[in-house]
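Chemist: Residues per chain, in single letters:
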Amino acid sequence: MRRLLAGRLLQGLAVIWVVATLTFALLHLAPGDPFSYQNGRRIAPEVIAHWRHVYCLDRPLAAQYVCYLRSVASGDLGYSISHARPVRDILVDYVPRTLELMSLGLLFSFAVGIALGVLEARRRGTFADWGSRGISLFFYSMPDFWLALMLALIFAYWLPIFPISGIEDVINAPTNSFWQHVVDQLRHLVLPVTTLTLMTCAGIARFQRAAMLDAMHLDFVVTARAKGVSENGIARHHVLRNALLPIITLAGLTLPALLGGALLVELVFSWPGMGFITAMAVSSRDYALVTSSVLITSVLVVAGTIVADLLYALADPRVRSA
Amino acid sequence: MTILRRLPAVALLLLAACRSDSGSVSKHATTLVMTLPADADNFMPQFSNNETSVQVASVLFERLAEIGDSLQYIGDNGFRPSLADSWTWAPDSLSIAFHIDPKAHWHDGVPVRSNDVLYSYHVNTSKVIGSPIGPLLANIDSVAARDSLTVVFWFHKRTLEQFYDATQQIRVLPAHLLQSIPDSALSTSAFGRNPVGSGPYKFVRWVSGSTVEVDADSTFHRGRPKIDRIIWSIAHNPDAAMLRLFSGEANFTQVLRKQDIQQMPSHPELKSLRYPSMLVYFVRFNERARGGKHGAHPVFGDRDVRRALTMAVDRRRAVSTVFDSATLVAKGPITSAISTYDSNLPSIAYEPDSAAAILERRGWVMGEDGIRHKGATPLQFSMIIPVTSTQRQQMAVLMQDMFKKVGARMDIETMDFPTFGGRASAHDFDAMFDGMSLDPTPSGVRQEWTSAAALGGGTSNPGYYMNAAFDKTVDSAATTMDPALAIAQYRRAYAILIDDAPGMWMYELPSIAGMTQNLHPAPMRADLWFAHLADWTVGDGAAPTGASATLAAGTH
Chain R
1 MRRLLAGRLL
11 QGLAVIWVVA
21 TLTFALLHLA
31 PGDPFSYQNG
41 RRIAPEVIAH
51 WRHVYCLDRP
61 LAAQYVCYLR
71 SVASGDLGYS
81 ISHARPVRDI
91 LVDYVPRTLE
101 LMSLGLLFSF
111 AVGIALGVLE
121 ARRRGTFADW
131 GSRGISLFFY
141 SMPDFWLALM
151 LALIFAYWLP
161 IFPISGIEDV
171 INAPTNSFWQ
181 HVVDQLRHLV
191 LPVTTLTLMT
201 CAGIARFQRA
211 AMLDAMHLDF
221 VVTARAKGVS
231 ENGIARHHVL
241 RNALLPIITL
251 AGLTLPALLG
261 GALLVELVFS
271 WPGMGFITAM
281 AVSSRDYALV
291 TSSVLITSVL
301 VVAGTIVADL
311 LYALADPRVR
321 SA
Chain F
1 MTILRRLPAV
11 ALLLLAACRS
21 DSGSVSKHAT
31 TLVMTLPADA
41 DNFMPQFSNN
51 ETSVQVASVL
61 FERLAEIGDS
71 LQYIGDNGFR
81 PSLADSWTWA
91 PDSLSIAFHI
101 DPKAHWHDGV
111 PVRSNDVLYS
121 YHVNTSKVIG
131 SPIGPLLANI
141 DSVAARDSLT
151 VVFWFHKRTL
161 EQFYDATQQI
171 RVLPAHLLQS
181 IPDSALSTSA
191 FGRNPVGSGP
201 YKFVRWVSGS
211 TVEVDADSTF
221 HRGRPKIDRI
231 IWSIAHNPDA
241 AMLRLFSGEA
251 NFTQVLRKQD
261 IQQMPSHPEL
271 KSLRYPSMLV
281 YFVRFNERAR
291 GGKHGAHPVF
301 GDRDVRRALT
311 MAVDRRRAVS
321 TVFDSATLVA
331 KGPITSAIST
341 YDSNLPSIAY
351 EPDSAAAILE
361 RRGWVMGEDG
371 IRHKGATPLQ
381 FSMIIPVTST
391 QRQQMAVLMQ
401 DMFKKVGARM
411 DIETMDFPTF
421 GGRASAHDFD
431 AMFDGMSLDP
441 TPSGVRQEWT
451 SAAALGGGTS
461 NPGYYMNAAF
471 DKTVDSAATT
481 MDPALAIAQY
491 RRAYAILIDD
501 APGMWMYELP
511 SIAGMTQNLH
521 PAPMRADLWF
531 AHLADWTVGD
541 GAAPTGASAT
551 LAAGTH
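Protein chains in written order, with the numbering used here: chain R, 1 to 322; chain F, 1 to 556.
It should be emphasised that the hints constitute simulated quantities derived from the structure, not laboratory data. Just so it is clear, the structure is predicted and the values come from calculations on it, not from any experiment. Glycine included, each C-beta is placed from N, C-alpha and C at the ideal position. Do not rely on the hints blindly, as some may be mistaken.
Chain F is faced by these chain R residues, among others (derived, beta-carbon under 8 Å) [to be verified]:
id : residue
1  : GLU46
2  : HIS50
3  : ARG85
4  : PRO86
5  : GLY134
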C-alpha cells in the first residue's frame, strides 16, 4: 500500500511539473504581455518599461522560468498584475467557491447517476429503463454552456424562481441573518449545481447500469437467488456493492471533466470561482495568476485521482496485493 | 422511504419559497444597482486602469476641482470647486494656490489637509511607484503647502492646460493612513481593497468577483448624495450583465449593445439613454515596412494610396449597418465631445471611381484575378482586430467588400487584446482597427500622432505617421497662451492629419445606457459618465419588476 502511494505521488508530482512548465512556456511564447494593451489608453513607454522591469519581464525566458520555479517551490505564487494583489490572496478568495460548486456537483452527480443506473438495470427493457436512458442521454449530449444558459433562461428569467447569477442577493446580503444567508447561498447554488449534475450524471448512470448488469449474472448472485433471497435484497446487498467498485475509478476520472465543466458554468452564472479568474487572467496575460490557477487545478485533479486509486485499493484486496 | 423520495421536491419548493424579496427589510431607502462585466482590482486611482475600480474610486476620492460638463480645458473656465473651495492664480500664472474646503474630511473623521495633496502628488510622481499619471504631470515643477488648508502648485511654464493638469490628474489620498507605508509596498497595501476616501460615498465592502458596495456619506462637505447606496454587481460577461438588468436584479448598465437595444421594447420598465463618448475608432495604416524595419510599407507608405483606399470605403454605410443611423462617423482623431472639435473639418469623401483612378495613376494595375498589382507586388494587406470586438469585425467584413471593388484585397486577422497590443507595439501589422479613449485635452493628439511619439517606442503612433508641418502646428497649439489661436491651430493640425490619411476615421462609439424608468441620472459627461453619480436620483416612474428595483423605488 505504501509503495502504491509513493508511486502515485511521484507520478502526480511529475504530471504537475509538466503541466506547470507547459503552461509557463505556452503563455510566455504567445504574443503580447500583461502590459501590451492598456484598455484603449496610452501609457508612457518609460512607465511600461518600469513595470516590465519590476515584474522581471525584461529578463530572458530561461531566467524567468528559474525565477518562477524557485518562487513556486518556496510557496510564493507571485503577484497578479490584473488584480493588483498577491496571487495567494486571490486564490484564497476564489478556490473555495469552485470547490464548493465542484463538491456539490460531484455529490449530486454520483447520487443521481448511481440511483438512475440501479433503476435502469433493475427495470431493464422497460419503459422506465428506456425513458431514463433517453432523458439522461439528452442532457449528456448538450453542450454544458448551453444547458446552463437554458436553465438560467427558464428558472431565473421566464419563471423567476432562482437568482439568475452571482453568489448572493447583493441588496440584502449585508443585513441577512445567518439562516437567511444560508438559504440565499443555497438558492444561488441551485442552478449551477443542477447544470453540473445534469451534464455528469448520465455518464455515471450508464456506467452504473452496465456494472449492475454484469454483476447480476455472477455466480454468487445466482446462489443468493437459489437460496431464496429477495430481489431487493440481492440488488442491495450483493449486486450494488460489487457494482460500486468501478464507480470509484470513475470518480477519479470524472474530476477533471467536472472541473472543466465547473469553469464554464461559473462563467455563465457569474459564479466568482477559478473559472472566472482564469478566463480573465488568460485574456489579460496575467502570467502569475494563470500559471497558479493551472497549477492548483492540476494539483486538485492529481489529488483526486490518487484518492480514487487508494480508495479502490482499500475496497478491493486484489489491487492491494498486486 | 416515501419521505426520502419526496425530499428533493420539498427542498426545491422551500428554496423557491424563500425568495429574497420576502426577506429582510433594508435600512437603505434608495439603492442603485449597476451591473457591469468586470471586477474591480485596486481602488487606489494611481494603480488601476480598471473600469469598475475607476468608477468606485470616483465616488470615494475627490479632485481639487472638477472640469465642467462642456469639457473646456482652457485655464479654469467652467471648472467647479470640489475638494478645493477656491483658488488663486499668481500674477505671472506660474503657480496656483488652492484653498481646501475646511469642512472636507476623510470617512474616518480626520479632516483633509494640505499634506494629503502633497502626499498624493508624491504618489503620482514617485519613480518607485511608476504611476501612469506621472508623465502627465511633467509641467508641474513642485507642490508646496502654504498652510494646513492652502496648497500651491508651481509650473515649469505657462500653458492653457496647467489648471487641468493640477486638478484632473490627481485624486487626493489620505496621507495619515498611507504615509507610513513604503512606496514599494503601496500597491499591495490593504488600503487598495479597503479604502478610506473623502468623497460623497464611503466604502462598505468588496466581495471579490461579486459585489462592491458604497454608502452615502451624510456629512459630505458638499452635501449628502441623493441615492443612499450604490452597488456594483459584477457579472462575468455582457450577456449575464444584461440578464440582470432585464430580470430586475439591477437598475443600470452603462452599455447596451445592438442586440440588447432590440429587446428594450419588450421591457417597458426600462429606458435607454444615449450619452456622449470619448471613444474614437479608426483603421490605422502602418507606413513603414512591418516590424518597424526601415523602408516604406509597400502599400501604405504612399500617401496617395492611403487616401485612395480611404475613398474606397463608404464609412457612413458601414457605420449605419453595424450600429444605427444616429451613430457618428468620426471626423478625425477626436470625438465631437472635445472642445476643439469642428464639424466643418475636411474629410476624404467616398468616391470609389476616384479611388480607382488614383490607384491606376500610382501604378497599381488591375490584374486578371481582380486584384491590382504594382510590378510583382499585389495590392494586398491584412487588418488586425481584437477578437472581442464584434462591431469592428462586422465593419471589417464590409470594408473587405468595398476594397475588393477597387481591386484591393484585405485579409482579416482576429486576436485577443494582449496579442493585438503586442503586434501594435512591435509594429507588426499592415493595418489595425484601433480604438482610443481620449481625455478632454486636445494635447492627446500630440502624444499619439507626432514624430516624437512614433520614435518614442511603446504603443503610441505605431503606424509611424510623421509630418513636420503637423508636429510644428501641434507644438505651437500646445504652447500658445492665446485660447483662440490654440483652438485654430489644433483644428489646422487635425486637417493636416486627415488630409495625410494615416488612418481611416470610422466612428465615435455610441454609448447607450440602459436603466429602470424610475432612475434619473444627472448629465452624463463624455469623459466620465459617472462624474455626477452623487446627483443621480431615484424617483417616480414605471414600477420595475425585480427585488432591487423595488428597493430603489423605496418600498423597503
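Chemist: Now tell me if each hint is right for this structure.
Modeler: Hint check:
About 7 Å separates the beta-carbon of GLU46/R from the nearest beta-carbon of chain F, less than 8 Å, and the hint is met. Below 8 Å, beta-carbon pairs count as interface contacts, and HIS50/R has one with chain F at about 4 Å; its hint therefore holds. Here the hint on ARG85/R is kept, as its CB sits about 7 Å from the closest CB of chain F, short of 8 Å. With a cut of 8 Å, the hint placing PRO86/R at the interface with chain F holds, because the nearest CB-to-CB distance is about 6 Å.
Nearest Cβ of chain F to the Cβ of GLY134/R: about 21 Å, over the 8 Å cut. The hint is violated.
In this structure, only the earlier hint numbered 5 is contradicted, and the remaining ones agree with it.
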